[in-house]
Structure formats: structure tokens, C-alpha cells
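In case you want the letters, here they are:
2 protein chains.
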Amino acid sequence: MHQYKAPIEDIHFVLDSLDYSKHCQTIGATEASDDMVEAILEEAAKFCEQVLAPLYQVGDQEGCQFDNGVVTTPTGFKAAYEQWVENGWPSLAQKEEFGGQGMPESLGNVINELGGSANWAWAMYSGLSHGAMNTLEMHGTDEQKEEYLTPLVSGQWTGTMCLTEPHCGTDLGLLKTKATPQDDGSYSIEGTKIFISAGEHDLAENIVHIVIARMPDSPEGSKGISLFVVPKLLNGEANHVSCGSLEHKMGIHGNATCVMNFDGAKGFLIGPKNKGLNCMFTFMNFARLATAVQGLSTMELAYQGSLAYAKDRRAMRAMTGTKSPDQPADLIIEHADVRRMLLTQKAFAEGSRMLIYQLGMFVDIAKQEQDSPEKTRADEFLGLLTPIAKAFVTEAGFECANLGMQVFGGHGYIKEWGMEQIVRDSRISTLYEGTTGIQSLDLLGRKVLSNRGQVLKKYTKEMQSFCKQAKSIKEMKPFTNRLIKMSKEWGWMTLKIGLKARKNRDEVNAACVEYLMYSGYAVLAYMWAQMAYKAMQALEDPNCENKQQYINKIQTCEFYYERLLPRTRGFKDCLLGGSKTLMQMSADDF
Amino acid sequence: MHQYKAPIEDIHFVLDSLDYSKHCQTIGATEASDDMVEAILEEAAKFCEQVLAPLYQVGDQEGCQFDNGVVTTPTGFKAAYEQWVENGWPSLAQKEEFGGQGMPESLGNVINELGGSANWAWAMYSGLSHGAMNTLEMHGTDEQKEEYLTPLVSGQWTGTMCLTEPHCGTDLGLLKTKATPQDDGSYSIEGTKIFISAGEHDLAENIVHIVIARMPDSPEGSKGISLFVVPKLLNGEANHVSCGSLEHKMGIHGNATCVMNFDGAKGFLIGPKNKGLNCMFTFMNFARLATAVQGLSTMELAYQGSLAYAKDRRAMRAMTGTKSPDQPADLIIEHADVRRMLLTQKAFAEGSRMLIYQLGMFVDIAKQEQDSPEKTRADEFLGLLTPIAKAFVTEAGFECANLGMQVFGGHGYIKEWGMEQIVRDSRISTLYEGTTGIQSLDLLGRKVLSNRGQVLKKYTKEMQSFCKQAKSIKEMKPFTNRLIKMSKEWGWMTLKIGLKARKNRDEVNAACVEYLMYSGYAVLAYMWAQMAYKAMQALEDPNCENKQQYINKIQTCEFYYERLLPRTRGFKDCLLGGSKTLMQMSADDF
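Protein sequences appear in the order of chains A and B.
Heads up: the first sequence runs through residues 1 to 590, numbered per the working numbering.
Heads up: the second sequence runs through residues 1 to 590, numbered per the working numbering.
These are computed hints drawn from the structure, not numbers from a lab.
Chain A regions said to be covered by chain B (calculated; three or more residues, Cβ under 8 Å):
{"id": "1", "stretch": "322-336"}
{"id": "2", "stretch": "399-410"}
{"id": "3", "stretch": "421-432"}
{"id": "4", "stretch": "508-518"}
The beta-carbon is built from N, C-alpha and C at its ideal position, and this holds for glycine as well.
The whole structure should be built from the sequences, with the hints applied where relevant.
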């Protein structure tokens, strides 16, 4: 299969388009100089290309092995993790007080893309630690931070999030795991958790589980849930927590998805009693952003794979005349429909990269201690855009994975080529960390309608101001005109659903997924317009180097506006169909 | 996992809507009385539910085993095949002169749906024989028919189609397999074929390979290809054809996908020298229809699985108020977005069933010996609609498979539930037997534009006449108005592309996939309008039994028109974007 190469040039173009240097200065990340960022990216690229990518297929073939509670990761995973820790990657974007290097989260977010493209199943082991670290950092006591954060930051230990139970995932209010207070101030945790990614493995010496559970005197439902830290080893001794089995999954076989049994395991309360769900919501955006990255990683990986094939495989003659007269057939990249598939992947990947990197920068700002209008803006836009990034980018990522297979024809279905693994691995991304349906409900119900569309209005106003500014370059007009229209249509559509929803709450649920998809295309159109603008500005400089790169960006933007953005018209008309035809049939008549 | 049940009631509704009894009389299939058809369907349902469905998961888990040229199918496959042959299923729709039962092909087509839903990988073994039988029936000599057809019809032997080679699939003109004439009038076949479904297995005592190859003095390209029959055993002795290995695939593990080596195997010419591709085109529609069935089978299977789960799993409360006050949460089927997914599957499944069964009936008519306007019509519509059925129904089938997983949330990703297998198994359907891109090019280039849209015009005229007649029931008007508009838009869009294509041939390739998808939605809208009309007519009878079934059909039609059909607007606007943004970038700049 094609060997993954980190798209360093494209990444730098996006960082430039987002004024990343200035951002780092503004947030006080003075160490993240241009040179330093470049050096870090190059080192990360080297590690991902040379260490992680070669383990991509073996991880799938071997999977994780389970033997009486002991989980062994695929060949090479442990050595790669040791090297990862040795090179200091886990601590890159962590606070210095716990041994971190103090680089911005947004830079960690960029590295996540590379690791994710190279080997998502592997990258999940260190990825999961972030959830645990975030929880402890925000809600742990100083002692808890001292005890757990330092080894998590160094990568010596890893972490998990233990939420789901067999009968509940989305609706965590139904959870049954019990936490009984003990005389020493600790809690005895009793229950079964499922779908625990990296729940047990052989990469690190200890695993810190963040567990949600209910105390005996807690109310039922979501208001009776508390958060606990439950280490696998407590002062070096085994705690009563064990892996009961590994799930048999469609993909991401290199990652251990565990059933975890808590049999009177010793746990310690984090944050206030019964406020566990609230505590979790505070970092939900970060966790969802980390999952959105899988969509981006998938797009890039699938694009690289199918592009290499399209430049190598020959079939038929180009419609407008022979391109390779000395060959029995032309390269398939000469066929318009193959290009349609490749450009779809390319436009999604580069547009989503811009969105996801920008969200990483919002995280930096939202984490600033001092309140400011910038912080409020970052918080609000993070709230609005995160469900879009999580659901839209993963859905489009799955489309790109499938287009990748499609370019290969029948060969795409064969394991050796590696393309079908991308489809299987990426399929989870629209399910975990809140399905597309749940993200959509969050977007339309909570992030848009509950504030009467005020945050959305702020966002579309920014789109419009950008358009006003950008149309000073006349080649921008086709994009800015379209974007202004779209921003108005988006607002109008929202108002329309809002009015209907006042009479019938089902209207929100009935419209939400198509609303989210519409929103995703609109946001990516904004991202692309900004990149095209950046490229046009660069081309205005008569000494511009690397002209072709900028022309390429403008052409990809044109493709996006002509051939992908019009999909919104289908979404709009479908969602305006409303809830009637969904709800009129009784459940028995299905 | 949910146990598949054949949707007998829905099947009868479609057959009634298509006036199937009358059709059987018209084509002279007098034995296919209503009672007989009903009895056959019930027997087939029993076999599929009780014998094939239980082998669905085991086939995936075990897969086929390869040992030094010998292929062993999964546990139970051989016994099921023996029972299948014993019950006479292979010969159901075959001609009586070769031991067949003379039932119409259209009835075999219905049975294919059931077998395909129950166990597609298994059903492919007998499915592949059809290609071989069709070839021999149409182009074989009397002796060849005598020798090969009889044991194929009985199921004692199976057949394959050996077309693809490592370097060519779509572009068969590039093929390298050689056929050298021998003194005894036979040919020595030399070459390697890949992706040969059912190429080697342990179900039948002999395997008849239909092979395309080039003679030494044949011209290069597609005009130098001839067709040969190459049996695995020749007069009981091994021929020089062997399975070199099994492909490692994403799914359909129960079916053996073989690399076949022809090392001087003895073969016999079928049909005229150098006319092999033409011979194959004559039954291409039948083979593609058989693959389209996989899309339908997938839709039904995925729908049944996710419906059962949605009626069992509880999460959250319904938006408009509690439905199960005695339970901690409501069933997820109460949520509008879950219903959107279920109804999408249901509307696609029932609409596609109508299309595919109708195509089966066109096959019956097209196979009639005497020329007639009906035969011409059947031939033309078969040509027009087959690529649509192949590509649209399999693409929509894959969507339904994924929606099936999505309804399950994270559980959908776990093998035990069976939903992810549907995704993996169905993924091949948009690739083999001509990818979606190839079908689309066939539709727009060959079936529509090459006759200047005349066949399409005939078809849309029929849609319009139907609408004129159907609007006598006033509840039909929302459907007929929409359908008339759509039929005109379809024609207008075709004209527009046709005009552009005169100047630039890339326009066809650039528009074709979205054009096909648009056409698929339009055709299914026509199918649904006919079913709604049938249901409304039935409800006009004051003594109508089973009213609820008819109301259900009308409601599903409403859903289709409100929530799925508007997707055409996205396809239309995307395809009108044209070829410019696809072709302007040089291949090196991708």
C-alpha cells in the first residue's frame, strides 16, 4: 500500500492562513516560534511516517490479544510507544508544572492529525490519556494532580474514560455502576463498563481510569452521577479492576476496546458529588474535537492512497484524446469521474484541516485564565462549531474513505491495498463520542436554538464581514457572493425551524442531522474562501515563490464551490420536509 | 443478531402492483399461477430463513480455507447447497429442455432477493452459475449446451465468469490471457484471472469456467477477444486450471474469490472468434440486475436488524412527552431522527423492490422469441434502467447498511450484532460487475445520449401518462405533480448535458455519477407513486381487508417524497457545475 507522507506544505499553508504565529504570541506561547513549530512538525512527521505508519496494517491483522485479563497489543506497538514517550511527545502541550513542555494545545491538535493518519488505532492509546488529564486538571485536588497528572503527562501511565454501560451510552442518566463510600474517604466501585478504549494494554506501567458512578444516596437520572479516579495499580498493588474481555470490532483492531469490571475497586471522588456529568461537559468540546480529527486523518490518508493509485493505474483513453500514446491506456487520473472523487477527498481534507486547526486555536484561547471578549468568542464558537466538526468531518471522512476504495475498483475491496482498512477504521468515528444524531441535536437544540440563534448570528456576521473585506480582490467575488447568500439562508432556515419547534418539539429532532450537514458545508465554504483569499493575496506579490501551490488552492476552492457546496440544496429541501412524515406512522406499523 | 424473516407480505404487494399474474399469462408462463407463485415463495422463505440465515455469521467468521489449491467453504455451506439442489431450486427458472422447471426468470429474481438477504456470500455460488448458463444458452453449440447446461441447470455443477486480470478489469481490451488453437479443434488457455467468485470450492463436483482470452492472430484491444468454456474436470479428469490463492477481502468471506491460473487448460470456443465482448454484452443486463439485487437484499436485511433494535433499546424521553412511563427511558423508535433512518431504509427497500422486480419482468419479455412492441419496450427500458438499478440500488443499499449500524450506536461496530457485517458485505456491490462510475457512464453516454435521449423520453412519457391517469384520485396529486415536474426536469437536464458534451466529451464523464443518482431518485419516485396509487385504489373498496398495510404504503411514499426525493436538488446543482473545475488542474498538481 501507499506509504503515508505528512502533508507538511499543506499544513503550513493552513497555519499561515490562520495567522498562527500571531496567535501563539497573543496567547503568550512565546516558545512556539515559527522555527520551533516547524522543527516540531518535522520531527513529528518523521516519527509518524517511519515508526507509526509501518505498524498500520500489522495492527489490523494481529489485533490485540486477550489472555485471562492480560491484553497484548500488536507487534511493534509497545516499542513505538516507548519511543514516543522517550521523545517527549505526550508532554508536548501539557502544563509545565506537571512536567509538560507548555506548547499550545493547538499544536498538539496538529500533531494529532499526523498520528491519526499514520495509525489511528495506535494514536488512540495516548489520545485517551488526554480525557483523563483534562478531567484531573480541571476538577482534581492538588494531591490528585500531583499523584496522577505527572505520570500521565510524561506518558509513563495512560488514562481512560469509563462512561458507557451495556444498557446505556447516550443516556448516561441510566447508569448503574455504584460507588459506596468507605471509612477512609475512598469509594468502592462496583459495576461493568463497556467500550473502554485502551482500557487494558501492555504499553504503560499503570492505567488511570476516570469512572462515572452513582452513590447510594444519589438521586436517579443524570443528576446523581459522580466522577471517580480509579487507578489500575494503587501504590504498586493491583486494584480490583480488570478487563473481562475485548470487543470484536469492525476495525481499529490495534486498539484494545475493553469490557472493564470494577469489583469493589478503590476509587476517589473528583469534583463535587453528583456533579459528574457537569464536570464532564466542561471538556466535552476537547474530546469531541479529538474525535473530529479522525475524520480529517481519514480524508488525508484515503486521498494519498487513491491519488497514488490513480497516477499508476491505466484504463481506457481520456475522453478528449489520448494522453499516453506510448502506453496501451491512459492513467485513470485523466478521467473526469476519477478526478471528481480525488478532488472531493482533497477539498474535504484541506477544508476540514482549516476548521479543525482553528478549533484548536479556540481551545487555546478558551483555556486562558483571564476573561476577555476573545475568550468569550472562542468559547461560543467552540460550542457552535465542535458538534459540526465532530459529525460533519467524520461523515465526510467516511465518504472520503469510501471514495478511496472506489478509485481502486475491485482492488479496493482487497485487504493488501489498505484502502478497506481505512473504511473499517473510520466507520467508528460517526458513532463514538456521541453519534452524528446526538451531535446534531446538540448543535441545533443546545448550541443554536437555546440561545435563539445569537451565537450563529455572530458567526455568520463574521462570515459577512470577511466577505466584504475579501471582495476587494475581484476574483473572490464568486465565492463571497455565494457565501453571503448562504449565510443568510442559514439564518433564515434556522429561524424557520425555531418557529416550527415552538409548536412541536419533534421538529428539532426531525431536522437536526440535515441541518448539521448543511452547516458543515457552509462552514467549509467559509474556510475555503479564507484559504483562496490568502492564496490570491500571496499571488499579488510579484516575487511570489511557489505560485503553483497557491493556484492549486484557488482551483480546489473552485471545485468545492461548484461541485460540493450545491449539496446543501438537497439537505435544505429535505430538512424543510419537517417531522410529519416521520412521526405519523405508529411504531407498530414499521 | 436479529433473525431474518422473508418480507412475504411486502413482496406480494409489489407483485400485485406490477400485475404479476397477468404478466405470467402474457408471457405464456401458465404454470406460474398465483397459488404456485405463493407456494414457491413460501418454500423459498422457509429455506432462506431456516437454512441460509443461520449460516450468515459463521460464513463471515470462518471464511473459505485454502490449502494447496483446494478450497473449503465454511461449515454448513455444503450441506445447505446439497439441500438447495435436492429441492430443485437451481432449475426453477431454467428452460425445460435442459431439465429446468420453466418458471419465469422474474420469479427467480424474487427468490434471489430472499437468498441474498439471508446469506449473500452463499447465494453467490449459485448466482454465478447463471452467467455461465446464460452464455452457453445464447452462444453455445447444441453439443456444448448438452454437455454443460444440463448439469449446471440441476446444480450438480456450478459456473464462473473469468474476465478480470491483475492489470485490467473495466478495460478488458487490455487482457493478456492467450488461447492457442490445438489440432483437435480445442484451445490451450494460458493466463491468470483474478477476482473469480466461486472459482474453486467444495460444493459441486465440477466447475464450468467461461473465460475470455485472445487468440495469437487476433487484433489488439477489445476487438480481439473470444469466449471459451473451460471445465475444471474434463471427462472426469483434471484440466490444467487451478486456484492459486484466495483473495483477502473486506467481506463476503463465505464466498471464495479466487486467483485462477490457466496453465495450458483445454478450452472450447463459444460464439464467433473475436466477438467475445459482444457475446458478453448480450447478457450484461441480466448479470447487472443480479448484482443490483444485492442492494435490495442489503436494504431489507439492514432495515429488519435496526428496526428490531429500535423497538428494544431505550434511551432518553420522546421529545413530545414520555411514551413508556413505567420504564426509565423511551424506545429509541420514538425519536424522530431514528425514524428518519428507519424510514430511509424502508422506503429504499420497498421502492427498489418494485424497480428490481419490474426489471425481472422486462427480462422475461426481452427473452421472448417473437418480436413485438412489448419486447422492444422491454429491451429499451432494460437497457436504460439496468445501470440505474445496479449503481443506484447498491449505493443506496450501502447507505442503508450504514444507517443500520448507526441506529445501533456503538453496538453497531461490534461483530456479534451482525450489522457491521452487512456494511462489509454490501461494500463490494458498488464495485464489482462495473463500478458506479462505469454504470453511470453507460447510462448517460450509451443508454441516453447515444440515442439522443429517445429511450429516456419514452420512459418519461410513460411516467407522465401514469400521472394523468392516477390523478383521478385526488390524494395522488402531491405525488403526480411532483413527478411530472421531475420528468420534465430530467429531460431538460439531459438536453443540457448533451449540448455541452458536443463541445467537450469530458462533460459526460464529469456529470455521469450525479446524473445516475438523480435518475435513481426519479425512478424510485415513479415506483412509489405507482405503489401509492395501488394502495389508494385498494382502500377505495369498502370491504378492503388489511387497510393498515395500504395506509402504511401511502405514508412511506409521503416520507419518500418529502424527505428523500429532494436530494435530487443537490445532485442536479452539483452536476450542472460541469467539468471545468475537474479538468483544469494538471495531474501533477494533485
